[in-house]
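Chemist: The primary structure of each chain is shown beneath.
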Amino acid sequence: MESIKLVAVLTIICTVAGALLAVVHDVTEAPIAAASVKEKGDAIMDVLPKCDNQPVKDAITIEADGTSWSFYVARKQNQFVGAAFETVSSQGYGGDIAIMVGVNADGTVQAIEVLLGHKETPGLGAWITGDAFRGQFTGRSIADTHWAVKKDGGDIDQITAATISSRAVTDAVQTGLAVYVAHRDRIAAVRE
Amino acid sequence: MSELAIVSSSPHAHSGSSVQRIMLDVIIALVPAMAAATYAFGWDAIRLISACVLACVASEGVSRKWMGRDLGVEDLSAVITGILLAFNLPPSLPTWMAVVGSVFAIVICKQLFGGIGYNPFNPALAGRVMLLISFPVFMTTWSTWGIPAPLAVDAITTATPLGLVKTAIATTGELPFTFNGATALQLFVGNQNGCIGEVSAAALLLGGLYMLVRRCISWHIPVAYLGTVTLFSAILWLHHPQQNLNPGFHLLAGGLMLGAIFMATDMVTSPVTKRGMLVFGAGCGLLTMLVRKWGGYPEGVSFAILLMNAVTPLINRATRPRVFGAVKKKKA
Amino acid sequence: MTPILTTALTIGGAGLACGGLLALAAKFLAVKEDPRIEEINGILPGANCGGCGYAGCAAYAEAVLLKGAPINLCAPGGAEVLGHLADITGETAKVAEHKVAVVLCGGDVSHAPRKFDYNGVADCRAAHATGGGDKSCSFGCLGYASCSHACPVGAIEMVNGIAKVHRDLCISCGSCIRTCPRHLIKMVPYARTIHVMCSSKDKGPAVKKACKVGCIGCTICTKLAENESIKMAGFLAVVDYEKDLDSDAVIEKCPGKCIVRI
Amino acid sequence: MGASTANFRAPGGIHPAYHKDLAAEQPIAEMPLPAMLVVSMSQHLGKPAEPTVKKGDTVLRGQVIGEAAGFISAAVHAPTSGTVKLVAAVATAAGPRATAITIVPDGEDTWVEGITPCPGWQTLDKKAIAEKIAAAGITGMGGAGFPTHVKVSPPPEAEIDTLILNGAECEPYLTADYRLMIEHAARIWEGALIIAKALEATTIRVAIEDNKPQAIAAMQDAIPAEAKDAQVVVLKTEYPQGAEKQQIFAITGREVPCGGLPLNVGIVVENVGTTLAVWEAVVNGLPLTERVTTVTGGPIATPGNVKARLGTSYADLVEFCGGTSGTISKIISGGPMMGFAQPDLACGTTKTTSGLLLLGPDAVQAYESMPCISCGRCVGVCPMKLMPNELSQFLEAEDYETAEAYNVMDCIECGCCAFECPAHRPLVQHMRRGKAQVMLIRRKQAS
Amino acid sequence: MTFYKELIKGLWKENPIFRLVLGMCPALAVTTSVENSLGMGMAATFVLICSNIVISLFRNLIPAKVRIPCFIVVIATFVTIVDLLMNGFAHELHNSLGIFIPLIVVNCIILGRAEAFASRHPVFLSIADGIGMGVGFTLGLVVLGATREILGAGSITVWGDLKWTVAGYEPMILMILAPGGFIALGCLLGGMNHLQAIAAKRKGTIFTPPAHLDCRSCTLCNLGK
Amino acid sequence: MTEYVLLIIGAVLVNNFVLTRFLGICPFLGVSKKLPTALGMCGAVIFVMTSASAVTWALQHLVLEKLGLGYLQTIAFILVIASFVQLVDIAMKKFAPPLHAALGIFLPLITTNCAVLGVSVLNVQLQYGFLKAVVFGFAASIGFSLALIIYTGLREKIDRANPPKAFEGVAIALVTAGLLSLAFMGFAGLVK
Ligand SMILES: Cc1cc2nc3c(=O)[nH]c(=O)nc-3n(C[C@H](O)[C@H](O)[C@H](O)COP(=O)(O)O)c2cc1C
Ligand SMILES: Cc1cc2nc3c(=O)[nH]c(=O)nc-3n(C[C@H](O)[C@H](O)[C@H](O)COP(=O)(O)O)c2cc1C
Ligand SMILES: Cc1cc2nc3c(=O)[nH]c(=O)nc-3n(C[C@H](O)[C@H](O)[C@H](O)COP(=O)(O)O)c2cc1C
Ligand SMILES: Cc1cc2nc3c(=O)[nH]c(=O)nc-3n(C[C@H](O)[C@H](O)[C@H](O)CO)c2cc1C
Ligand code: SF4
Ligand code: SF4
Ligand code: SF4
Ligand code: SF4
Ligand code: FES
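Protein chains in written order, with this note's numbering: chain A, 3 to 194; chain B, 7 to 338; chain C, 84 to 345; chain D, 550 to 996; chain E, 10 to 234; chain F, 123 to 314.
Some clues are possibly wrong.
What the hints assert, rightly or not - For lysine-lysine, the following DSS-like pairs were computed, each having C-alpha atoms within a straight-line distance of at most 27 Å:
1) B:299 to A:152
2) D:634 to D:604
3) D:604 to C:292
4) D:634 to C:284
5) D:604 to C:291
6) C:247 to E:212
7) C:182 to C:269
Said to hold, decoys possible - Sample of chain E residues lacking proximity to chain A, with all beta carbon distances greater than 10 Å (derived):
8) 129
9) 130
10) 133
11) 165
12) 172
13) 207
What the hints assert, rightly or not - Sample of chain F residues facing chain E (criterion: CB under 10 Å; computed from the structure):
14) 145
15) 240
16) 287
Since the hints were made in silico from the structure, they are not lab data.
Every residue, glycine too, gets a C-beta built ideally from N, C-alpha and C.
Working from the sequences, and respecting the hints, build out all of it.
Modeler: Spelled out as structure tokens, the structure:
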């Protein structure tokens, strides 16, 4: 019968396709997982001070103001040297901006990294990923800095014509730092 | 052989109007605003206006030549595009950017469609918006010149009144100044920051009056536009006076007058029927206020007009007049 | 192995479900329709030139099947399409003779001047309706290229102010013939190359006044042409395309120089 | 006497320069017989008449030389006595060729026998009136030249209550109707009564624009006592108040439906000249062999209103008016808004030749047309409320279907749109061609 | 040789982007840089070749009525494979191409080639077609991507750090935003048409620019007819 | 409530599917010759996109995720969408022939319309709940329709324009779409 043949062909093709995909999935599962872990790990390592542990694994989750924060702890010779955390601003020009912030043990920023996936405008807001903008956060702490862009009377140089993005990053970093400061002891106490 | 008689289809009489004459009238109407611009911004105004006009006329001539068409600059419409584009630029803009905008306006927005009459979008506005998006830094850097408070903090301003309001509302949630008779006068005569053509509402209104008298424009679009803005801003203002300035401010600040009088009225890109013009003007008004109040930009005139340009064919279609005799009337 | 199996089964099941559903739907909800319409539509060239007399290729396809329209109406499609149509409909194919359009006027700007200064729409039909057209000859080609615009394949070129058909590009759709307000264009067998390039019905003296290459009705050609293949229609010599004509004599002897080979 | 005046206007319209002063005060002058008359068989709307004479025949004035070829057609009569010199196709004023009969007058101007005056027309019934009008070959003298006997015999289901006499003469330059109203007011009124009788219409209105006070006064004074409901209506001077649909709307507020006729709203409109011709035909029994034509324009030496035989060549008319001075750039048969431009002065007058207008270079420029700049002026002035800008573009693109949907067939070719267009677009020409093309398509679909 | 002909036709004569005007969504969306264009192009090429092979192999077995669902399943399979592979081995590229990888499934070119070519031709020709069209598509994307990136960002990024920047250039951001995509493609297309017209004139033939966007070259539906 | 309003404004104006997200360009360019045709397409798209959002959401959350087969998204979605469209086609032909005459020719085209698959994938990526997914699908299709209708009006004007030979047809249509998209940039920032 005609229609049975139709159904049969379609079913067979689907089954074969399914099997094939399962195989490929099987093969790529590990690399994909590794790639996303590495993606994160790379970002974390980029912002942390030199350390000899594996911060991705030394993580602690802290609940603050209704959000949960993951802190990745860096140690050198078993000494707490700093931590990295991801902070997200929903005030970006194009939507959420996720930033990886690395702090030293003394609470000063080691470095920040804007994570992929932000939707700021190329050529404008996207400059928040540039060294010039990110660089100015290094060395700042919650206390010694007026956490606002210059336009709003603060200390951070905004990117020209991208105040919104600059503001978003600034706010996000500040919020994260505050959480860090508040919970520094718990974070520093993390052990493998 | 003697000259041959001319044979053409009727009518054999003509009102004597011509495109060139209309365009010349518009240029005349733009003179007061050009004077005001020169008074306010001096050399920069002259520099930008001449750069834009030259670039527009030249690119029109060159592109038409290149397309194998007759020169077509004598209708003067490119001159208007040039002046109006310049009017929409901040005084400090580098000359080369003005030239890029002019070429974009004339070549991409006008000549690619076949030249005058065929362009669906207002070339000068498309040029401005292209520049605004391409070079936001330059397009939002305002000159610093002495302007009395309240339109400027400490007598020097680097922002337009609308920009001031927008940032103030966004940061402090309060209005930066109150709007009173003095502020209105300041805005009206042109003591404010902004694009070179939009500083003086008075000069623009004068030009508009001239165009009305010369029948270059009809009252429908400007009135509907300004009326809708007034209405919309009045509602907002009455609803929440702490967050919204009163309608007078919205009317006088920014590019509204320039847009309503000179740019929304561009006949090529606006509807042909009177009813359509009213719809067009009202649409511009709504969109302008939408952007001013909730949008990412402090000023929405350019976008509003461009968006309404886009729906103009639909408006024309929807507001087709009822043909005489279309409804069967039996004996009265 | 299990995950692979699950996956295969899931997708296979989805395929089964979808396919089954579609098959069922197709079976129970089917609406009858002659599949040949589709087929014919696919075979027709899709130029939508209207030469067949229908609103376009799709309309013709329908007409062939439903209204019994003759299958040899699509000139652009030629023998190939005809063959296919014959196969589908089961009718016999009678290949029409290959014909091309020719503009029967040779009075270009250098031969037939303008009689007034026409100021208006550059369209032959419009010009013809305004003071009868500005050409000195009231029958000749006006040169405003309406036929050229009407031609779906761009086979008509304006040369020196009159229309010329490129015979090898012409697909004999007849669009130009329907357009020309002067009725100057005729469909003639491709094999025929000798034409009287004039359509003026005026008497000799009037033609002479209007045009340097007009037919003055001297009847010389009718005598020279073999087997009466040129006849007089009033004051105009007309080629009878049913009969053979291959004589250089008529071309040479025509005092009006209006018989040419193209 | 219900004689009162009122001021009305219809939608749209323009105010061209009128130039009526050139010929307005020139009384109607009778032109002597020219050396030759070329009488076209296509004098009217509908089928051309069929010639009933051949070369060499002698004819008498008023003798039928062309028979009506069907119902919507009209007979043509010899304008004078003489010999037929030629029966051949010649170009008409409107362009296309049509058969014409060339008559060389014998100078006697002998009337044919059988002319029967009928001063007591009141006893005639409507059919008899219509027959007399048909026999006289009368066609509309104000516009398209529609055979008048058709108009006065409406189908029985149409109830005509109003007859409007069109004395608007809204075309610039032309003054023929104006002179007729001043000089023959009483006859025109009587003609109106005749037509009203044929139509069984009870109301008669005479429409005159307010720039013709003398004509208004003359017509007002001549309102006959026996007319029950007769009035002169003064219209605001605005082109095209003379167009019947607009005029009907201005006077009665009735809108003639799209594609409809005045009789659909119970009205018949007749030109005052036509009415006078009806009077001549019924009361004096005379067929239509002459008409008044305004010969005017800058280059004409002495502009005037000339009563000339049908078939008088334009050249003879110009000669009668003292010839020309200066360059002639345009020769127009009719008025400047709706008339036909001529390549030369060869044509002969017809029943519809209301004017012959010559324009010098100062009044004419050859225009380059530009793309439409969508200024909307044409939309504003179109008395039919069409969108000429869009229509012309559809027609340029040969999109006849859309053009038809946009009511191209309702265009009355008044020329207001093209008059106003700053881009000098040949809008009316587009409409003309479009209408012709749509008619063609419709006819093809019908068959 | 036909194989050769099928192989090169996609480069110019039947270039999917500039001549056939197909697959516009990815063409506009991912061409903000050369790198993305290349990635997208290669992904699509891979899918195109694979699906062409499979469909050509089984073309006589697939009943006409379910051919579209079958083709789609085949294509979707390869798309998912590319998706997975890219996610595993070219993670960053995968991130920046985003949603447009799964959308290769509905890319008109691939289904169009399956329907118009692979289902009617033997395998080796279908491979040629796949390579040709794929490379043509990639080429189109790269040209567009390069134009947009140079004008809009003042740089050319071929892969990762292989990048040139035009010094002192003030980039026209518009070009890498949505409107710039449309305008750049429109202008490039116009330019190509112009070249084509010049070439045609030299050869003495007539050239008409593509006037139809209604998928004429794709026979999936009858809309173009 | 505001959330949904913003979602709709965002999908219709700010991130218009066609003009800023570049989804569904083929039908956008292809079916914009005449207004009636465009309206038919809009009707079909609105129907299909809304229902496809619902169906694929259910598929993803009730089947694929439950089975841990998230990576089969593409193939499963397209299979279901294609069958669904075809089913609608058949059913419509049977039960509503006039509607089929009006919309039928567009249905096959919609199968290969990336907007439909796009909206399904986006619903998953953005982790919308069922209601939100359906509203998003609806709003996106409205956005598509809005752009298509406006564009069709423009196309009718452009078709009567007089571009240079090389730009006739597709090229000028694209430039027009670009300018329309430029105008739509004005909505930027209305919704984050
Ligand atoms: C297309 C476009 C994209 C923009 N993208 C961003 C952006 O990503 N980030 C940003 O802060 N501002 C962006 N802006 C600019 C904002 O609208 C606003 O002008 C600016 O952020 C505030 O101006 P300021 O920095 O000069 O104070 C963009 C503007 C446009 C026209
Ligand atoms: C096809 C046609 C049929 C007409 N039939 C009638 C008719 O039956 N009765 C009538 O009174 N007028 C009839 N008319 C005349 C019109 O009402 C009108 O008076 C005539 O067309 C002259 O109009 P114009 O001079 O404004 O162009 C007809 C006109 C046309 C064109
Ligand atoms: C634009 C336009 C203007 C007209 N102007 C006049 C006019 O001024 N006087 C006139 O008698 N008829 C004028 N007509 C013709 C009338 O519409 C109508 O056909 C005529 O009065 C009918 O009468 P008739 O059949 O006796 O000619 C005009 C027609 C048109 C379309
Ligand atoms: C009243 C009026 C307003 C005009 N406004 C503009 C304008 O805003 N921008 C512009 O480029 N051209 C303007 N023009 C000139 C011209 O109409 C315009 O360039 C056309 O769009 C070119 O086709 C205007 C012309 C007139 C008569
Ligand atoms: S006389 Fe004959 S050849 Fe000459 S222009 Fe007239 S038709 Fe043409
Ligand atoms: S052949 Fe006819 S249609 Fe063609 S250009 Fe000559 S007059 Fe015009
Ligand atoms: S000519 Fe036709 S379109 Fe023009 S104004 Fe008169 S009625 Fe209207
Ligand atoms: S008057 Fe002329 S330019 Fe103005 S809208 Fe009409 S056609 Fe266009
Ligand atoms: S590629 Fe997106 S709809 Fe065709």
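Chemist: If a hint holds in the structure, say so; if it doesn't, say that too.
Modeler: Outcome of the hint check:
Proximity of residue 299 (chain B) to residue 152 (chain A) is assessed by CA-CA distance (about 24 Å); at most 27 Å being required, the pair is judged to hold. Among the hinted pairs, residue 634 (chain D) with residue 604 (chain D) is consistent with the structure: their alpha-carbon atoms are about 5 Å apart, no more than 27 Å. With a CA separation close to 24 Å, the supplied pair residue 604 (chain D) and residue 292 (chain C) stays within the 27 Å bound. Pair hint residue 634 (chain D) plus residue 284 (chain C) holds up; C-alpha atoms about 21 Å apart against a cutoff of 27 Å.
The hinted pair formed by residue 604 (chain D) and residue 291 (chain C) meets the criterion: a straight-line CA distance of about 25 Å does not exceed 27 Å. Distance check on the hinted pair: residue 247 (chain C) and residue 212 (chain E) sit about 21 Å apart at the alpha-carbon level, within 27 Å; holds. Distance restraint check for residue 182 (chain C) and residue 269 (chain C): the Cα-Cα separation of roughly 10 Å lies within the 27 Å cut-off, and the hinted pair is therefore satisfied. In this structure residue 129 (chain E) is separated from chain A by more than 10 Å, as the shortest Cβ-Cβ distance comes to about 18 Å.
At roughly 20 Å, the least C-beta separation between residue 130 (chain E) and chain A is larger than 10 Å, which holds for a residue marked as non-interface. Residue placement check: residue 133 (chain E) keeps its beta carbon more than 10 Å from all beta carbons of chain A (closest about 22 Å). For residue 165 (chain E), the non-interface assignment is confirmed: its Cβ lies about 14 Å from the closest Cβ of chain A, beyond the 10 Å cut-off. Consistency note on residue 172 (chain E): stated as away from chain A, and its beta-carbon is indeed over 10 Å from all of that chain's, at 14 Å minimum.
Once the 10 Å rule is applied to beta carbons, residue 207 (chain E) is consistent with being away from chain A; the minimum gap is 35 Å. Given hint, residue 145 (chain F) at the interface with chain E, holds; its Cβ is 6 Å from that chain's nearest Cβ, closer than 10 Å. Checking residue 240 (chain F) against chain E by beta carbon gives a least distance of about 6 Å; that is within 10 Å, so the hint holds. Taken as an interface hint, residue 287 (chain F) checks out: its beta carbon lies about 6 Å from the nearest beta carbon of chain E, inside 10 Å.
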